[in-house]
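Undergrad: With the hints as a guide, bring the two chains together.
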Amino acid sequence: MSRIVNVIIRAVSVAVIVLMTGILTTIASAQVVKPEQNAENVAAGKAIYDRTCVFCHGAVGKGNGPVAYFLTGNMSPRPRDFTAGVYRFKSTLSEELPADGDLFRTITRGVPGFMPTYSGLVPQQRWQLVYYIKSLFPGFATAEPKPIELGTPVASSMASVSRGGIIFEDLGCSGCHGANGMGDGELAEDLEDDLSFKIVPANLTMLNSLKNGSGKGDIYRTIMTGINGTPMPSFEDTVESKDDVWDLVNFILSLSGSR
Amino acid sequence: MTRLFRATRRGIVLGALLIGAITVLTPVESQALPAFARKYDMTCSVCHTRMPRLNFFGQRFLENGYQIPGTMDGASVKKKLLGGSNGATLGKVSNYMAVRLRADVERFGFNDKDATESDDKVRIQTPDVINIFFAGTAAKNISFFFETEYNSREDFGGIAFERANLVFSNLAGSQGLNVKIGNFDPASFFSFPTHRQQMNPVGPEAETGDFPPDINRIPLLPLAFSSKFFGLTRAASRAGGEGFAILPFEPTSFNAPSARGATLYGRPFGNDFLYQVGLVDSTRATGERGYDYYAMLRYDYVRGEYWAANVSAFYYRSPESANLTSMGSMGGMGSGMGSSMGGASSGADNQIAVADMTRYGIGARVNYKTLDIFGALIFDKLDYTLPAMSASAWDNDASGLSLEANWAATQKWMFSTRYDKMDAGGLVAMAKNSSWLTVQAKYYTTPNIALYLRGHNNLESADDSPVRNLRNAVLAGVDMAF
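Residue numbers (my numbering), protein chains in the order written: chain V, 1 to 259; chain Y, 1 to 482.
Because the hints were derived from the structure by calculation, they are not lab data. As the structure is a computational prediction, the values presented were derived from the model and not from experiment. Heads up, some of the hints might be wrong.
Said to hold, decoys possible - Label pairs and their in silico Cβ distance ranges:
no.	chain 1	residue 1	chain 2	residue 2	range
1	V	Thr83	Y	Ile124	50 to 60 Å
2	Y	Thr148	V	Glu95	52 to 62 Å
3	Y	Thr417	V	Gly139	40 to 50 Å
4	V	Ser196	Y	Lys113	33 to 43 Å
5	Y	Phe273	V	Asn208	51 to 61 Å
6	V	Thr83	Y	Leu177	45 to 55 Å
7	V	Asn180	Y	Leu279	24 to 34 Å
8	Y	Phe273	V	Val60	14 to 24 Å
9	V	Glu186	Y	Thr410	22 to 32 Å
10	V	Ser196	Y	Asn396	50 to 60 Å
11	V	Ser241	Y	Phe415	49 to 59 Å
12	Y	Thr417	V	Glu236	51 to 61 Å
What the hints assert, rightly or not - Calculated from the model, a selection of chain Y residues having no Cβ within reach of chain V, i.e. all distances over 12 Å:
no.	residue
13	Glu162
14	Arg284
15	Ala295
16	Leu401
17	Asn433
Said to hold, decoys possible - Residues of chain Y clear of chain V, computed beta-carbon distances all greater than 12 Å:
no.	residue
18	Met42
19	Ala103
20	Arg123
21	Ile130
22	Asn131
23	Asn183
24	His195
25	Gly287
26	Gly290
27	Tyr299
28	Ser392
29	Ala408
30	Ser461
Just so it is clear, CB atoms sit at the ideal spot from N, CA and C, and this is done for glycine as well.
If we strip away everything but chain Y, and leave its shape as in the complex, we get (with noise of 0.2 Å):
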């Protein structure tokens, strides 16, 4: 314990004279400015709480197709026309393209060293995650956006096509009607939207093609996203056929990362509600390509004295979605699983049914001055059909929440903290409960840069699991846009 102590008071001296040498040496008048600041000669929190997290003016903006609200500008500001009045527009590749880059300096502190693979020494990840965006208006109402990712952090790592999609934008009149095409995130216009985190997740080391899954270490995001099973697989055209775990803490269904699908969404009863219904291409539990579907409602209140609000409310259906997958017999699993389990087998072997996922869940955001507090309280269900007496091994229930709060002290500086909570469900000899406090400042040298330190603390008792071997994570890092 007291190691542990030490490593983890290194790392934050680490990251406090890192970031300390920094803002000494950082002049503070830049005036770097991303795509969209750029295109529209402002500053990024026009949009921004702070970089990358929406306000409410940029939710707005982000809905009208990279239009300002209220507006169907696209065709015509800041951009050149070319061949007459209806010509084609051209504007900068600058007013288009983005750049982020994070890197950082990680310290993973564990209650076993032994039982892991994953390093637990300070290492350093320079550039960790690199992001390349195209965004922007093609026409009036027709919108694009383009992300392509390196991310030294996953386990396949390297650069990866992220998400790609079209928008055609108040096709019933203002605001009514909108459909978004192509790889995108569900959750966007939830309350807590899966991307654009202040504390950018971090991503596992685990071994999912063998089950159960190999879990070196966990990653650390919101845990209302996870799956929140334990014991499910997945036929996959990656894993040829013979089925890979899913980790009960990967961001799924509605808050996927990225599906392909379509979305519908508008505000055709005026400025409060927005709805969505979409639906989204996914891989079965037997391998064969099926649909999602989803819906969602917000409600937002904008007329407060310096605040506003919202709730929303959403429903994920994915038929067949994952194989249950017992640990030989029944009823002779261990407590723990991974590396603590001793030899792993093919989840192909002991897939016992196939079920059904159902998730559905409510959010909520408030931002008052400079506060900006939300939270989303998801939950998720197994269907499926078992004899009793296996089925009674089985939690079909699970839920997450996690509540966050950001606060710009100063242009300069910004506080963070956000609790996890995951009841896990599945096999419930494997389901491990998981919580976490996070917390963290981050200091803007120029709108678009900012440095960060930041603690991951479990809240939970150490035992066998690897699940729970993590016991807290120090990073100290860049986070740049331009």
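With the rest of the complex left out, here is chain V (with noise of 0.2 Å):
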């Protein structure tokens, strides 16, 4: 009796110790959100874009893909050549290329008004995208970018705002995109983007304008870093300390009304 407890109490262990492993190697699976650069990888992200990216992108990723002219026709932006390795929505400095989670992050997002969010892709998928993307671009191979540190923000108030404003004149800000932000400034009319297409700067006002995101970070980002191939330029050397740019990105999001 107690050899045939013996086994069953075997063999509910043994199933037991199956479940667990299955459960944890399923947990772990879900976990692994980042896959491993490799052929395999590249592959994949290559079957993915051919099916989500060519019609803008185009075929071998110079950003002439059928619709990219209907897109916005001889305005900015243009989808990216993903070849010339010149990315606009980046948390690196301007000469450097982005960093993984830049791509991934875009990818998923998309840009407002111009590209949709593919969070419908699994993350996995979107790194696969990431890894065939920077296959097309031969200076990812030894690029070693590094994502600006961002600091700690400065808790929006009336007088973080205020310093805000005056770091917007101080840059010239307003130069562009206009004294209230509405990207009417003087020389918004004659503003064009690296490829000589005409380009109108964001509109501060509206949130959904501001095509590298709308959040503090990453407006604290886009100052920073600038958005290449575009006029808007980097303050990085600039600006006097962190706690400036984020009272700038405090009284930028005051603009919209949302600080």
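TA: Below, the structure written as structure tokens:
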């Protein structure tokens, strides 16, 4: 009898171990959201690209897909040319390539107005897409992009917004974005991007016109890194302190009533 | 002729003034966006060459059940989740609902004004056509579409139910099998879809209760879609079984604006080929119910530098689709029809055979930068059994060609032209070929509001047939969606 009990106990134990192993494996695999960058994942990324990105970015990623001209005509923004290595939305300094997380973020969020969010792809697919896009520009092979430090945000207050307003003028932001941030500064009409397409400054009173994101961190990042290929410069060497930038962020958010 | 020329000129001047005035008075910085654009925070031109035509990305969005191509995002994107991670999703009504308004000023010119009851004066149709849409994703891979239309142009005017369907997407892996059920446009995936015209169709003015039909003004639409056969009638529930004449210009079978049934489509062999098969409810010539069936195959090439193209071919079969109807005695017919023919008779009195109808055709489309060129060549065939002597009075084959080009010269301006040619079939004594040239200039004050000026010109010489009586038409109007 006891032998039978022992056999049952062993069988149950084995079953529990197998079950737990399965559960833990499943949990572990679910947590591995960033797959390894290898040829297999690059190929998987290409397959996704051919179904989703080819229409705007073109067959080989040169930004010359069949929808590119319909999208904005002879205006900016145009779909990115991934073979040129010039990226607009990133957390690294101007001269650097974007970090993987930057590409992942843009794929996930899209670009308001012009590129849909691809949050419908599971994270693994988005990472595969990142790897394929990186494979289109050889510079990524040796690059070691470092995201900038954001520091500690300054809480929004009347004082902070007021200081930010002064910085807004001191840095000359109103030249393009206008005194009220409506994108109607005196230079606005004559701006062009690096492809000589006319470009319109962001209307800071409408957060969905901020293509690089409208969160506090997004705006901070945009000010510090600039937007490559556009007239928006990096102010990393211009501002005196990170707190100044956070004040400026608070001022910009106040323009849309969302501080 | 001089009078006609003056009238046409007046129409053009009036339209130009209207467009000019609205152009000056309308602000150009509006960011108004229709439902899907609102939902995804995108401008209309992500999916449209210009509203309402879809670009190659928009076509895939449609195919994928209103989900971003390559994804299955229906349940999550921009929606609230109720009741936990597996709960129901709910989005804002404005993310599902859209309204399209069309209104215009029309001027029709006739060769013989006395031969038609159609109003040849300048007339203002405001609002002319209003469509209300509800469309979106109910859950992951389940989408819906509903459209109702108020159309003051149609004879039966008023509010009509147009299309409503459910789509179940990605049933056999990504892209492999999708199922659409309900009322839909069978040709929506064809290279030249029946709907989404840059030059909106203008309906006919005709009475089809008697035979031959009394045509006061033919419709203006892509003639490749037309039924093309003269001398056909059909029993229908709405005609009380008495039978009604089928207008040779009526868009039909594969190109019917709406058909009830089911269609399966997908891309099981990669991104290049799209298949579609379908079964749709149909009223037989006898008034009984039956089913038509069809198949379509499309090849897409989207890897060009700023260009993409597709070609497609379809086959559509409609058994016992129409009655061949003679004008009393087979040999005694005049050359015209309708008001020019004198007294009309019941079609049911002169039905001589039930015919199967087959439609097949090819279509092609090329986009280059902001140029959108497309066309369709569609053949129609009647199959029936008649004595040889009578059969000689019928032409069993017809064809239609429509070629269109749209060029978005700037973000604001689009110029369009279309050539239509119909080689008519059916009762030889009645059949009349038709060909038209249409040109249009469209000005987009915003991506979703367009003002247009359009001219239609009949390329056929005039005779005593009502189908040749319309010489030209000038329309100036507005087409907006929000």
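Undergrad: Taking the numbered hints from earlier one at a time, note which ones the structure violates and give those numbers from smallest to largest.
TA: 4, 5, 6, 7, 18, 29
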